[in-house]
Amino acid sequence: MHPHAIDWTILAVYFAFVLGIGAALKRYMRTSTDYFLSGRAIPAWITGLAFISANLGAQEVIGMAASGAKYGMATSHFYWVGAIPAMVFLGIFMMPFYYGSRARSVPEYLKLRFDEKTRGLNAISFAVMTVFSSGISMYAMALLLNILLHWDFTTSILLSALIVLVYILLGGLTSAIYNEVLQFFLIVFGFAPLVFLGLKDVGGWHGLVAGLREVAVSRGFAPDAWTSTWSVMSSPSSNPMGVEWISIAMGLGFVLSFGYWCTDFLVVQRALAADSMEAARRTPLIAALPKMLFPFLVILPGMIAVASTLHGGASGLALPHKADGSLNYDMVIPLMLGHYFPSGMLGLGLTALMASFMTGMAGNVTAFNTVWTYDIYQAYIRHGASDQHYLNMGRIATVAGIGLSIGAAYAANRFNNIMDLLQLLFAFVNAPLFATFLLGMFWKRATGHGAFFGLLAGTAAAALHHGLTLPAGSATGIQGGWIAVLHLYASQMAQNFWTAIYAFGVCFVVTVAVSSVTRPRAEQDLKGLVYSLTPRLRAAAGERWYARPTVLGACVLAGVVVLNLIFR
Amino acid sequence: MGLDIRIPIGSLFVFLGGLLAGYGLLSNPAIYQRSLGIDINLWWGAVLLIFGLGMLALAWRAATARARTEAQ
Chain A
1 MHPHAIDWTI
11 LAVYFAFVLG
21 IGAALKRYMR
31 TSTDYFLSGR
41 AIPAWITGLA
51 FISANLGAQE
61 VIGMAASGAK
71 YGMATSHFYW
81 VGAIPAMVFL
91 GIFMMPFYYG
101 SRARSVPEYL
111 KLRFDEKTRG
121 LNAISFAVMT
131 VFSSGISMYA
141 MALLLNILLH
151 WDFTTSILLS
161 ALIVLVYILL
171 GGLTSAIYNE
181 VLQFFLIVFG
191 FAPLVFLGLK
201 DVGGWHGLVA
211 GLREVAVSRG
221 FAPDAWTSTW
231 SVMSSPSSNP
241 MGVEWISIAM
251 GLGFVLSFGY
261 WCTDFLVVQR
271 ALAADSMEAA
281 RRTPLIAALP
291 KMLFPFLVIL
301 PGMIAVASTL
311 HGGASGLALP
321 HKADGSLNYD
331 MVIPLMLGHY
341 FPSGMLGLGL
351 TALMASFMTG
361 MAGNVTAFNT
371 VWTYDIYQAY
381 IRHGASDQHY
391 LNMGRIATVA
401 GIGLSIGAAY
411 AANRFNNIMD
421 LLQLLFAFVN
431 APLFATFLLG
441 MFWKRATGHG
451 AFFGLLAGTA
461 AAALHHGLTL
471 PAGSATGIQG
481 GWIAVLHLYA
491 SQMAQNFWTA
501 IYAFGVCFVV
511 TVAVSSVTRP
521 RAEQDLKGLV
531 YSLTPRLRAA
541 AGERWYARPT
551 VLGACVLAGV
561 VVLNLIFR
Chain B
1 MGLDIRIPIG
11 SLFVFLGGLL
21 AGYGLLSNPA
31 IYQRSLGIDI
41 NLWWGAVLLI
51 FGLGMLALAW
61 RAATARARTE
71 AQ
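Sequences listed follow chains A and B, in order.
For the first sequence, my numbering assigns the number 568 to the last residue and increments by one with no breaks.
For the second sequence, my numbering assigns the number 72 to the last residue and increments by one with no breaks.
One chain only, chain A, in its complex shape (with noise of 0.2 Å):
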């Protein structure tokens, strides 16, 4: 790849523009609310938008591409069954909670609702997460720009480091959103061109179904196991996934998407940014409109590609291979951006790319310096102080926590081992949080002893589950089967869905267990907290029947359907 003189005009612009938003909105930072929450103050599309841009780093863009050649439509599932029914539960059904309760972060609605250790637990287990998340996102943009182009590995962590930090410490989450805004926008604009070059040169859909069917019967599947979504879904063995359709639903469409979508700061703090209660609801509910057509977008590329390699696109675009003889899945993505855009659209394809690294860092930034201030500096460290020393704080956490995660780069640099491991000890960690926050806010009699033991005994029992199973073809040790191997699971994948269906399970029993016999809190207590102690919500005065979050919701949730019904 060679850029020349346009292209890096255009990243330069975009680097302008970005330090532009953050100073012009310096003056505005007034108040700790002002740095951590926006103020309250953002309109619903824009939140929106940034929900569903917080989420859209560059892994998930090169990983998602990666997955589209690797098992075809069906990575659609991490988008119409592992996203959009969640988000229509979290902004119809729990936002309610989580913005009428006032709570500035996840971790606080826990320490509302339940007490002090549920929150602490939650909240340095996630502050922990994002710095090592936020290191990651740099340590794979690293690796990325030093192949493509050849930028060395601290030059490009120093300078994504050194933009994030200026644009976050002069504007805040207000600075993170407005450019995770201006990213949705350039991921859509820089990769919508690469669809349409990609499927005119695969001789269109009906060409690409057609590269897919060989693709598909040349390792051994039904000819339509590379279109369909559904209908290869009846056991393990009959699709490249290695999951059924059980799995999916439960441990994908259940466990996994409602813990991320409904739980995680990161995506919920750009809700709790918004300016009413219904811009809140609404927020998820229109990140899902987009977030529905995202697999054309990202999952497309990848089957064009691997279509492409095997059945041979006009063009000749083919995967490189890996060392091992395996094709290299995740250069679907840069090798296109390469072989299809000229210089001009290749500036404005890379800096898509390099802005989804960049708010993808940015937004784990701002998650943690929010929880680090608000659950750990004033709960434990230092209560009581002035809005402006918490302020300051923030931004000392700002440095920090950039700090830290150019210091997780460098240890995923050089110690790939540890970074897996680490990764494996969040899903641990992840795995049972939906059980809790279901049962907190639908059941009042769910107590704070409750929780606390039941996510250990969640994170417990996710562990040990993987410690006991291994996916098929793997070696024991960091893909499981550590302590035993009392089952093999067809894929990884399976293994993974598996783990959060028991880690669901045994934290949603435990809790109920402890619940039932340790004291409830008292009834006024829970007011605005638990579904049966809140007052309906009635529709604001003047707000338009279609804007309803109910209505919103119904038609996304009919969207899918859809979707999965042209594409089962």
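Treat each hint with caution, since some may be false.
Unchecked claim - One side only, chain B facing chain A, incomplete, derived with CB under 8 Å:
1) 8
2) 14
3) 15
4) 18
Stated by the list, open to error - Simulated restraints on C-beta separations:
5) 555/A / 61/B: 19 to 29 Å
6) 37/B / 554/A: 39 to 49 Å
7) 328/A / 61/B: 42 to 52 Å
Unchecked claim - According to the in silico footprint, chain A covers these stretches of chain B (three or more CB under 8 Å from chain A):
8) 35-42
9) 47-57
10) 60-67
Simulated from the structure, these hints should not be mistaken for laboratory data.
Here the structure is a predicted model, which means the values were calculated and not measured.
All C-beta atoms, glycine included, are put in the ideal place defined by N, C-alpha and C.
Here the structure of chain A is known, so what remains is to put chain B in place on it, guided by the hints.
For chain B alone, coordinates are given in the frame of chain A:
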């Protein structure tokens, strides 16, 4: 929040669209062999330009509406 986000988004896309479309007009047609013979810079630059102008128009409309209510 005081800054209307449509202004920076609109300006960025007007700028990038203009840049791409201009480059598409002036660049050597041979580079478009990659993009299957389509001058993608020109066409897509024009799309970005229109999108950017639309964003600016929305921002301008909101600003004048705000000015009118403040005046009343």
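For each hint, the structure was consulted:
Hint status for residue 8/B relative to chain A: holds, with the closest Cβ pair at about 5 Å, below 8 Å. For residue 14/B, the interface hint is violated, since its Cβ never comes within 8 Å of a Cβ in chain A; the closest pair sits about 11 Å apart. With its C-beta approaching chain A no nearer than about 6 Å, residue 15/B sits inside the 8 Å limit, and its interface hint holds. A least Cβ separation of about 11 Å between residue 18/B and chain A goes past the 8 Å threshold, and the interface hint is therefore violated.
Judged by the Cβ atoms, the range 19 to 29 Å given for residue 555/A and residue 61/B holds: they are separated by roughly 26 Å. Residue 37/B and residue 554/A have their C-beta atoms about 45 Å apart, which keeps the hinted 39 to 49 Å range intact. Roughly 48 Å separates the CB atoms of residue 328/A and residue 61/B, a value that falls within the hinted 42 to 52 Å. Counting residues of the stretch 35-42 of chain B whose C-beta lies closer than 8 Å to any C-beta of chain A gives 5; at least three are required, and the coverage claim holds.
For the stretch 47-57 of chain B, the stated coverage by chain A holds: 3 residues have a C-beta nearer than 8 Å to a C-beta of that chain, and at least 3 were required. Coverage of a stretch by a chain is defined here by at least three residues with a beta carbon nearer than 8 Å to that chain's beta carbons; for the stretch 60-67 of chain B and chain A the count is 0, and the condition is violated.
Hints 2, 4, 10 from the list above are not met by this structure, while the remaining hints are.
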